[in-house]
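As given, the protein sequences belong to chains G and E, one line each in that order.
Note that numbering that gives the first Met the number 0 numbers the first sequence so that position 107 is 106, with each residue one more than the last.
Note that numbering that gives the first Met the number 0 numbers the second sequence so that position 389 is 388, with each residue one more than the last.
If you're looking for bench data, these hints aren't it; they were derived computationally from the structure.
Please read all numbers here as calculations on a predicted model, not as lab measurements.
You may find that some hints are simply not true.
Calculated pairs, DSSO-like style, for lysine-lysine (alpha carbon to alpha carbon, straight line, at most 27 Å) [claimed, not checked]:
1) Lys284/E with Lys220/E
2) Lys394/E with Lys86/E
3) Lys284/E with Lys221/E
4) Lys91/G with Lys217/E
5) Lys321/E with Lys262/E
6) Lys217/E with Lys86/E
7) Lys99/E with Lys248/G
8) Lys365/E with Lys94/E
9) Lys91/G with Lys456/E
Not everything, but these chain G residues come out facing chain E in the computed CB check (under 7 Å) [as the list claims (entries may be wrong)]:
10) Ser25
11) Val134
12) Leu135
13) Thr150
14) Gly260
15) Ala262
16) Phe276
Heads up, the beta-carbon is just placed ideally off N, CA and C, and yes, glycines get one too.
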Amino acid sequence: MKEQVLAAEKQAKSQARVQARRGFFSRHDRIAYSFLIPFAILFIAFSLYPFLAGLYLSFTDNSPLVRETHFIGLTNYIQILLNDRIFVDSLKNTFYYVIIVVPAQVVLGLVLALYINKRLFGHEISRMAFFAPFVLSVSVVGIVWGWILETRYGLLNLSLAAIGLPGNTPWLSNISWVMIGIGLSSLWWHIGISMVLFLAGLQDIPAELREAAVIDGANGWQVLWHVTLPLLRPVGVLVFILALIDAMKVFGQPWFMTNGGPAGASTTVVYDLYLNFQSTKMGYASAIGFLLLVIILIIALIRQLALKEDLT
Amino acid sequence: MTQQKLTRRKFLAITGTAALGAAAAACAPAASPTTAPPTSAPAGTSAPAATLAPAATSAPSGQAMTLQAWISRGAPQGDIIGQLIDKYNADQASKNTGIKWEYQSVTDSIDAKLAAAATAGKGFPNGYIGDDSLAWASRYIQAGWVVPLNPLLQQVGFSFDDFLPLTRWTLNGNDYMLNYGPSGFLQYINMDHAKEAGLDLQNDPPDTLDKMVEWAQKMTKKDASGNVTRSGFLITGSGLQPTVVWGHILQALGSSLVGPDGKTTNFNNANGKQAAQFVLDAFNKYKISDPNLTDRYKEWGTGNASIFWSGDWVIGSSLAAKDLHFDTWKMPQVNGKRASQASLESMMIFKQDDPNRMLEAAKLFKWMFANFTPLYAQTGDLTSVKSIANSDAYKNRPANKYLGPVQDAYANGYTFPQNSNPVQDLNYYGSQVLIRNLDNVWLGKMSIEDGLNALEKDVQGVLAQAPLVQFKLI
Numbered sequence: 000m001k002e003q004v005l006a007a008e009k010q011a012k013s014q015a016r017v018q019a020r021r022g023f024f025s026r027h028d029r030i031a032y033s034f035l036i037p038f039a040i041l042f043i044a045f046s047l048y049p050f051l052a053g054l055y056l057s058f059t060d061n062s063p064l065v066r067e068t069h070f071i072g073l074t075n076y077i078q079i080l081l082n083d084r085i086f087v088d089s090l091k092n093t094f095y096y097v098i099i100v101v102p103a104q105v106v107l108g109l110v111l112a113l114y115i116n117k118r119l120f121g122h123e124i125s126r127m128a129f130f131a132p133f134v135l136s137v138s139v140v141g142i143v144w145g146w147i148l149e150t151r152y153g154l155l156n157l158s159l160a161a162i163g164l165p166g167n168t169p170w171l172s173n174i175s176w177v178m179i180g181i182g183l184s185s186l187w188w189h190i191g192i193s194m195v196l197f198l199a200g201l202q203d204i205p206a207e208l209r210e211a212a213v214i215d216g217a218n219g220w221q222v223l224w225h226v227t228l229p230l231l232r233p234v235g236v237l238v239f240i241l242a243l244i245d246a247m248k249v250f251g252q253p254w255f256m257t258n259g260g261p262a263g264a265s266t267t268v269v270y271d272l273y274l275n276f277q278s279t280k281m282g283y284a285s286a287i288g289f290l291l292l293v294i295i296l297i298i299a300l301i302r303q304l305a306l307k308e309d310l311t
Numbered sequence: 000m001t002q003q004k005l006t007r008r009k010f011l012a013i014t015g016t017a018a019l020g021a022a023a024a025a026c027a028p029a030a031s032p033t034t035a036p037p038t039s040a041p042a043g044t045s046a047p048a049a050t051l052a053p054a055a056t057s058a059p060s061g062q063a064m065t066l067q068a069w070i071s072r073g074a075p076q077g078d079i080i081g082q083l084i085d086k087y088n089a090d091q092a093s094k095n096t097g098i099k100w101e102y103q104s105v106t107d108s109i110d111a112k113l114a115a116a117a118t119a120g121k122g123f124p125n126g127y128i129g130d131d132s133l134a135w136a137s138r139y140i141q142a143g144w145v146v147p148l149n150p151l152l153q154q155v156g157f158s159f160d161d162f163l164p165l166t167r168w169t170l171n172g173n174d175y176m177l178n179y180g181p182s183g184f185l186q187y188i189n190m191d192h193a194k195e196a197g198l199d200l201q202n203d204p205p206d207t208l209d210k211m212v213e214w215a216q217k218m219t220k221k222d223a224s225g226n227v228t229r230s231g232f233l234i235t236g237s238g239l240q241p242t243v244v245w246g247h248i249l250q251a252l253g254s255s256l257v258g259p260d261g262k263t264t265n266f267n268n269a270n271g272k273q274a275a276q277f278v279l280d281a282f283n284k285y286k287i288s289d290p291n292l293t294d295r296y297k298e299w300g301t302g303n304a305s306i307f308w309s310g311d312w313v314i315g316s317s318l319a320a321k322d323l324h325f326d327t328w329k330m331p332q333v334n335g336k337r338a339s340q341a342s343l344e345s346m347m348i349f350k351q352d353d354p355n356r357m358l359e360a361a362k363l364f365k366w367m368f369a370n371f372t373p374l375y376a377q378t379g380d381l382t383s384v385k386s387i388a389n390s391d392a393y394k395n396r397p398a399n400k401y402l403g404p405v406q407d408a409y410a411n412g413y414t415f416p417q418n419s420n421p422v423q424d425l426n427y428y429g430s431q432v433l434i435r436n437l438d439n440v441w442l443g444k445m446s447i448e449d450g451l452n453a454l455e456k457d458v459q460g461v462l463a464q465a466p467l468v469q470f471k472l473i
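Next comes chain G alone, as it looks inside the complex (with noise of 0.2 Å):
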């Protein structure tokens, strides 16, 4: 008995031996690396490189067609911050964008997943049809949505009107309707992903689960709410988090269908930061970016840190 104990400790010490040997350039690791290397070199080459000089742009006061490039330090944030009435007023207006879409974005996505995973009649037809939208270029999406929230023939105000209620709202001409029109067609095309992601969720929550709920006594409400929807919560937060940095990035809708009116009401930061792209300011744009990015991180983080959440 000892020799055959003595005997596996001597296997596991050379098994030791072996694998500290193997290290960094053992040929499994090569192998590893060797397919991991074009992704790196895409990575960087497309990623990590734009994004530092990008960083590095946003502190200079770089406008190619106008003067040389100088180091002007946090100047360019500073004057965003403090001085640029059109950005401040972009981030209220993104900011509206985004408390009208995500949470409807996630509440809704969370009902049809329910709906789907029910298997109730018309379900697989219904996955197909409240995903589709998500296919489409937001070119698409902004023109058409364009047309139908037009305030006098707009498809939406037709219908609207044909079962009785108003008929007339100014979905786009209006600065108060503008983001609601377009937080519209945002739900409509981003709300299959939503829908997606939580039924991978709730078919991976155990049956067994659901079912001893059931035995003990639990109606549909109750397990809903104390099994389902803890058991989801990872993937709500993911969800939100997706649908908030989507909402914070929207460009496209109010590119298309407002141009950032009427009188800027639905220009957003990202609007914002491509007319001085367009302007060629580019140190200018460069730090709008950066300062999004920021703001989306400390939301993020303020939402962590309130639900006392490990987003890992």
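For chain G, the structure is supplied; the task is to place chain E on it using the hints.
Only chain E this time, still in chain G's reference frame:
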């Protein structure tokens, strides 16, 4: 000799290595002509004088060259221009010159593409054939990226003698933009609506602003609540169209966004207020316009507007629109004066290290001018040259019926050029600075005084960075 078996591990290693090699090859920069960035003229100074390196005495014979053209025209003009380039390529192929032009449509992305090219210092096209480029042209002219055409056109034997008066946009004596389509503003009138209202265009036209309002009032339709359901005078509630209307009335009254010195504003005065008040009155007092409209072309094209102020580029699409019976009239007089915004469809050549490439662009432009008749025969574009204007194909085209008002504007000198500023677009037609500020007035968020004050502050801020680039029409 033992035969080695190809294991799965070996296969994966080989394919991984092959993929790595392919990725590395794909990432290698293609050999392309790069261009050293020109020395930028500081903002506010005049455009650089013709500083082209002397061209080669003759293009090396047989030197094959593939050149890039950007076309910034929508259908049908963009398609026709593409067909003409194809014809030019066929002509070059038959002569075995080795010259080939590739072209791409950049209608919606021209600003971004140019900005990206400027940042990279390369990527500009060899030739640009586009529409109204005044929003950005001065920026690239001042930076030296757009070259003066005169030396190049002279080398290829192109003569400006054929040009009609007031169709050349010159800057410090140089042509940077070769105008192949002067355009102007006119009034479009839906003749079905006019007939319905008993209006006679020939004998009692909307020739003054008051008369135009009278016409519009008779043609406007309203619902039971008094809301406009069919605009007698088409203005959208915000955006470009009300700014254009404001700009035209302002100019007719004798003022302008920027004064003759190009450095100070000239609109925050009684004329500016009167022009703004007219726009508000169209919505609120005369009730001839619907503030809920967002898409002016759609409203006009679907027959939902009676009078529409726009450029002659709308003629082609109006002719193609189903059941749209229209006619045109001159821009109305305001206190005895008219105003019609002039712009141009232009060709430009971007700076290249190889002067032969610029010369080839000049040759293309010369050829196109000699073969441009199909463009005008099939569209409503005005020509800038007498030879085409005198051709039967041009004289007999359907669009001529509607172009009288624009020709009148040029003939009687009441066109005004668009504003071109290297820092920020300051046109009535599309400037975000104007739209952003004036929208607040149209939407009732600001009084006219406050709106004009805010606009003045912003415009003065732009002019402080760079004055207006003053093109001279000859």
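**Residue hint Thr150/G, partner chain E, criterion CB-CB below 7 Å** = Holds. Min distance 4 Å.
**Prompt:** Are the Cα positions of Lys284/E and Lys220/E separated by 27 Å at most?
**Reply:** Since the Cα atoms of Lys284/E and Lys220/E sit roughly 15 Å apart, the hinted pair holds (cutoff 27 Å).
**Message:** Hint check: Lys365/E vs Lys94/E, CA-CA at most 27 Å. Holds or violated?
**Reply:** holds, 17 Å
**Status of the hint placing Gly260/G at chain E (closest C-beta pair under 7 Å)** = holds, 5 Å
**Message:** Check whether the Cα positions of Lys217/E and Lys86/E lie no farther apart than 27 Å.
**Reply:** violated, 50 Å
**Message:** Against the 27 Å threshold, does the CA-CA distance of Lys91/G and Lys456/E hold or violate the hint?
**Reply:** holds, 22 Å
**Asked** Can we keep the Val134/G interface hint, with Cβ of chain E closer than 7 Å?
**Response** violated, 21 Å
**Cut-off 7 Å, beta-carbon criterion: hint that Leu135/G touches chain E** = violated, 17 Å
**Item:** 27 Å limit on alpha-carbon distance, applied to hinted pair Lys99/E and Lys248/G
**Value:** violated, 41 Å
**Item:** Pairwise hint evaluation, Lys262/E against Lys321/E, where the allowed Cα distance is 27 Å at most
**Value:** At roughly 46 Å apart (the allowed maximum being 27 Å), Lys262/E and Lys321/E break the hint.
**Request:** With chain E as the partner, please determine if Ala262/G meets the hint condition of a C-beta pair closer than 7 Å.
**Result:** With Cβ-Cβ at 4 Å, under 7 Å, it holds.
**Request:** Using Cβ atoms only, decide whether Phe276/G comes closer than 7 Å to chain E, and label the hint accordingly.
**Result:** For Phe276/G, the interface hint holds, since the closest Cβ of chain E sits about 6 Å away, which is under 7 Å.
Checked against the numbered hints given earlier, the structure breaks hints 4, 5, 6, 7, 10, 11, 12 and satisfies all the rest.
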